[in-house]
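So you can see what is in the structure, the chains are spelled out below.
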Amino acid sequence: MEPSVVTEAVTWQGTGLLSATVLLPLAGAIFIALFLRERRLVRGFALVVITVDLLLSLLVFALYDSSEGGYQLVDRFANWIPFLKAEYHLGVDGISAPLVLLAGLLGAAAVWASWHIEERAKEYFMWLLVLQTAVMGVFTSLDFLLFFIFWELELVPMFFLISVWGSGRREYSAMKFLIFTLTGSAFMLVGILVLYFSAGTFSIVELTATAEAAKLLIPAGLVFAFLFVGFAIKLPVWPLHTWLPDAHTDAPTAVSVMLAGVLLKMGGYGIIRINVAMFPDVTRDIAWLLATLGVINVLYGAMVTLRQTDLKRLVAFSSISHMGYVLLGVASLGTVGLTGAALQMFTHGTITGLLFLLVGLVYDKAHTRHIGDLGGLASRMPFVASVFLVAGLASLGLPGLSGFVAEVLVFLGAFPVWGLATVLGAFGIVVAAGYILWMIQRCFFGPARERFAHIGDATLVEMIPVVALVAAIVVVGVYPRILTDVLTTGVSEILTASFGLG
Amino acid sequence: MSWREVSLILPEVGVIGLGVLMVLADLVLPRKGWLVVLAVAGLMVLGGITIGAWVGGEAETAFFGTLRVDQFSHFFRILILGIVALVILASVDYVSHFERFQGEYYGLLLFSAGGMMFLASASELISIYLALELTTLPLAALAAFLRGDRSTEAGIKLLLLSALSSALLLYGMVLIYGFTGTTHLGAIATAVQGVAGEGLRSGGYPLLLGMVLLVAGFGFKVSAVPFQMWVPDVYQGAPTPITAYLSVASKAAGFAVLLRVFYVAFGQFDVNWGGIFAVLSVLSMTVGNLAAVAQRDIKRMLAYSTIAHGGYLLVGVAAIASGAPGPTGPTGVLFYLGAYALTNLAAFFVVIAASRSLGSDQIQEYAGLARRAPLLAACLAFALVSLTGIPPTAGFMAKVFIFGAAVNSGLVWLAVAGVVNSVLSAYYYMRVIRAMYFAPPSSNERVPSSLAFRIALGVSTVGVLALGLAPGPLMDVADQAASLLRAGG
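Just so you know, the protein sequences line up as chains A and B, in that order.
Per my numbering, the very first residue in the first sequence carries number 1; after that it's consecutive.
Per my numbering, the very first residue in the second sequence carries number 1001; after that it's consecutive.
Just chain B, same shape as in the assembly (with noise of 0.2 angstroms):
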């Protein structure tokens, strides 16, 4: 180890001593708003420092080749960065009203964000397993944080399933190691090379398990049908700015390190498995999207959203470049996830006040909240709007971007697919703008909402308009961080 190698895990590296700080200084400081001044502005320097590596870096590997540090891994740690800060900011509210462990709360997502940005730099298998526990442990305690029924059930489930998904993942891992002889992914790539046709029908097959439980395994990290049933329960009863955080950064994590496993790995692998993700894909947006349409508690049709919208994201894998020029599929990702994760933050914000002032997170109690908090409203429909996939959003370029992708890889019928889904989705979102637009308000009471709370909710809808208007300088960095995929790892 090297300082060298010390130096490029640096962001990593910050944001867990970050977490270990939240927890200590939790024990001496009297004012805890002072923890996110802390944290934000720790994770400001952290993107800073990044984004340095971003302008500055060459695609590096440290630790044996354990770790790959190229734009691709630069991408997402400013993504995940971005999205804690945001997450912090809107958990102000709620975490106030916690009597104990509020350092130990916001000490968690900063583990948990460390554990994904190392799965982004992850190029080696048991690595990205490592990195997935850092990842997912921390996560399971958040979801449990509020020990009431619900809660407790979400820790649980979370922790139970990511298990079942971990050990699906290890046994793919090892039938890949078994055949290949190794764990890097470059060196996978070049041992599965020679194996096509003939060699594929003598004895390939464990080859085969081993991506089709892989395939298994990062589906449930990514919440794709039909390994998506822990999500609606999970999301329900998790604390809601936790369900936020999962909602997109845990989703962005898990598809970095897909694209990175099957680009990298199996990216030149004569065996079209960009079939089995537009299969996924496919089921992944229809069976969320009608199950949202039957939901009456808003975290809930969120959570089938978030499934739906993980359909989409398979798109853009299942759409592997055909070499023509314009979006690729991985492009496509990188672009969906920045705008997506925007979009979503901006929705769940608005949940974190609104259910907390409501007392409820039926979808019928947001009934005018048009009237008692015009800008919380308005702010939640634009969301919405933009979930849809109708203009001047984020979500809208990002649905142009990534259908694009499929058309340019001549998958004209998952683009019908995609845009005949996003129409099924305009009707339970259109609902949540019905009922807080066109019904009467239960009470004139207002719905309080901290600076810290405006910050973030303000940040994330400026976002979703700005990349509505202006996608084009996140397409350009997006195609940097995708184009350098293929490089090898």
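Chain A extracted, bound-state conformation (with noise of 0.2 angstroms):
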């Protein structure tokens, strides 16, 4: 047999600009390992190497071009792993491209949610900036060989950070963690490998094209399933959804921020760039199963919502509320539902990522997440109150904010294909009203407690992502096209190349 040694030519393409956006991160993290030790410094670092993040991300997503579509800012190496024809290969398009800028944006305010961090500051500072490659990959991978490895890269910061730096049963959520992604993955493996054997490749791009129509090993349901269990624990869906809220309660504040926020998201991401444009067959079979488990997701994620006494618990319980949307919007396989599903995970991550650095800075400083010994708060964090309520109410839904237009469209797609479930959806926001409001109410409203009588407010650090996740918030609210355009781009063309829908 000839030796299989690939000897054409080492080619590279693309501006570099993905791939800086995703390996900055880490490369931080080495420098850190290597050169840095005092606290402060790692510290500053850590700040600079993350915002100059931000700002590739935001330019990501200012040179993402929609009127052009497709997947643009390519950056491939094709002879990654020749062997298995498995290649370097990354790049946005309208779906991803608002999920970078959602990852630079929560990444950038862990890390400034971190100033206070005094214990073991270095590893810390080291695990985020892994954590924020791993998250930057899953979003821009076009190898499916290499999202699995972005997919899986996060898990062991997230194992060092929950379990070092969080709080109350902190080991055992951090091992719960683990182990259900890890079995979700195991079976996304299967399916990855699956697909790979059939279709014989493991490039995203062409397997979105061919993977139905090549002759699978198994049934293409049970590849769904696999895969689909993969992204289901990370959304979660109920009822693989109980590792979530021991998570984010034991996690610290910035990690819990990029929990909620974009760790969420990958699930959302996979199910959409994944599940729904592999398999638009399989798809179309199971919607009403889609739509049945978001709108489980969405009542019984809000009802134990509203029996939450913890600050953290609540936020982490109403995600799961809020996820349901997705699956909702997901399964109207419409131009405007799947809008609104990719926009739902944009603004749940802004909202969400901004209550649990509210709910951190509250703990912080009244050292306590218990909402039956809080109260009265307002009169003493005036700022936290203030910002907690547009986030609040950004989270229940008001118009002029960004959790609205998500909602609606998911809607307005929804109903015409899924009525009932719809209905009982949009139930839910009365419920979030519910839980939302009464929690400011509890947290920040009545008499002032003499035992707070001495905390005072955010400092102008701990304001910074404050005002930045905010910012995010109005302007979707208020002008959603900024986002709308290009997530409509994206899912139409899923929907046109997978389903035949204009």
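Calculated from the structure, these hints are not laboratory results.
Here are the computed distance ranges between Cβ atoms for each label pair: (1) B:GLY1033 to A:GLN13: 50 to 58 angstroms; (2) A:TRP115 to B:VAL1045: 51 to 59 angstroms; (3) A:LEU222 to B:PHE1098: 55 to 63 angstroms.
Listed below are several chain A residues computed to face chain B (Cβ distance under 7 angstroms; list not exhaustive): (4) ILE81; (5) SER163; (6) VAL164; (7) LEU189; (8) VAL190; (9) PHE197.
Since the structure is predicted, the reported quantities are computational estimates derived from the model, not experimental observations.
The beta-carbon is built from N, C-alpha and C at its ideal position, and this holds for glycine as well.
Since each chain sits alone in its own frame, please combine them into the complex, following the hints.
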């Protein structure tokens, strides 16, 4: 047999902008590991790196030309693993470009929010930066093996971040997070391998065109299920959500921000990019299931949220409820609904990220997250209270703020297809108004308490990430086209290519 | 015997010569450190010779067809030379405390390596048997080297159970010889080709029994469940560097001979022997992982983890190539062995250094190791991540590759069993990381290590990372080596 060593010339295409966005945080982490010791130096360096990364992600988003569409800013190195025909292949389309921006925004917010970390600061910032590379990589990989590597790369940093710098039953929560995610990705790996051996490629672009037509080794529905489980655990879809409240509650503030803001979106992104785009027939057949699961997520999440007494757990459960809308939007299989789903990922990322930041601030100062112990904080921390109100209103879908746009689009898209489900889902908004307003009332209003007499408002450093996220929420709320144009481009490409819809 | 034939087995002869040299030089050298330098330099020269033979050579047979030197042999020669060189380097600190027999220690290691290398080339049943004995006897002596209760027990257990497995193997070989009239693998392949369907029903059962006995015999060597019971005690009792050596080199040699016998002799045989290995594979990984969860002693835990990894490797043996392009089972096994050798050595090397300094092999004693020895802890954590199969490590690529081979052969269920098992394994691997990083240290004493040790650990850790990022070259090499397997012996 001929030796299979590939001798063709080494080929690199691309500007390197996306590679820089993805790999810069990792390079920063390695630099910290090798050269920096002192806490303030490490923190300053991490801030610089993550801010540059935010600027890069803004640049990526700005450079994405939605009138042209397709994958842009592609970086490609074809000879990564010649034997498996796996390539180093990055690119963004209309769906991933906003998510890159989201990751940049929340990554920066998370590092800013870690200003006060004292314990083992060097390791802490290293892991945060590695995490940033992992999520950026997931959103930009166009090679399935590379995608999977970034997908799993996120595990180790999260395991450490929750276990070392978390609170409560942190080691239990970290292990639970790890085992759940690993289980999901184990099945995903089998799905990826089946696709690879059926279609002969790891390229997500090619698989999108050929996967369902290819003669699969096992039924397409099973491959779909293998892949879906991985994404569903991440999103999370009921009943695979049980890791989320624990992980969120016990994680440090910055990690909760990343987890709720960006990591959950990896699940939604995977469902759209992989499940829907590669398996249109299966998706059409089980759209009813997606809609049902979506509604269960919305209502179950909302009901459980009502009962929470821990601020962080409350926000965590509300995430489950809000992620239900993503599923509902996907199940509509129309441009409007899918755009809504994709937008919901972005808006929920910014809103919940902000809520976790604020909860972190309250906890830092009041030293409790138990809602029953809080009260009357508005007089002590007016800035935090007012922003909390903004975030809360955005979360329950007040017009003018970004949450409203996403949810309206989801409902508009889903109603013609899944009428009952949409009506039930819309009820989730009512419950959301209940738990959000009730929480804000109990924490910030009412009589001022003696024990909180000495606590102060947010400091300038703490305000910076908060203001940035508020700006994002308001801008998208007032002028949603800034995102919807791009998202619609990405969504309609999938619908046209895979479903033959205009 | 001609000079050409001797030149073909130069690496084996060289390793055994080096072993003799160790024993002799030990008598005259005042500083034992030179033994290590001598051994490693010699191994590097032999490695160079083997690489030269790989690049230049065609497959050739020697000594009346008892040995077949091809790229498959070269692959395992280089693998075993590399393993033994790393183990010798990592043994320096450990061995320097021996009052006597330092030369013998290195000598026995090299003799055993010689046996393993012969095993990789042996293409005839009797020479396979002889090579196996040459491999095992020095190992039994090495396992008992500490002469304490546990160590002696380890040595005796290893000796007795290898004797038992050798007996099974011999019996199987006898039956196969009786049926086919030959001990040469290539000739066996021709003889059994006619035996299918009707032939098998009318008197082919001794042949099947022979195959089953071979599976059992080799099962002991590669520590597959249900032939694994010697592993935990031997691994725990033996000197840690020897445990490291057993866990990777013995396993590699076992799989080398397993692949050659079954793919060459029975490759075209119309019996689904892959099914046996699939069952053994699922048993090994499940039993290994479940038992590892309960362990408190890190050497015992790694022993069970070795059994589980034997299970993953058997996935590749079971994945008889379907002729589809892309990774095949044997290619996967070869790549996995390379990746696993580096990973497991890195893990065991840290255990060698840490346990000596901690005075215990208990996992709870590893608490706070990250503070006392940040680099050692990082290397062990990285190795454990690789054993779990999380990127960017060699272990991840190996799993993609070997489970991919299973999918490629239509064994999707086996791949699912494999990935579910690797989730299970995460639990106990992460527990060690948890102890090292999240628990407070019991003392602040640093963990010392020598330069030789750090070289060994550094090489294996960097190798794990390199294979995780750019596995392409080793995949190509493994594919070349494995493709020759089917060209007949």
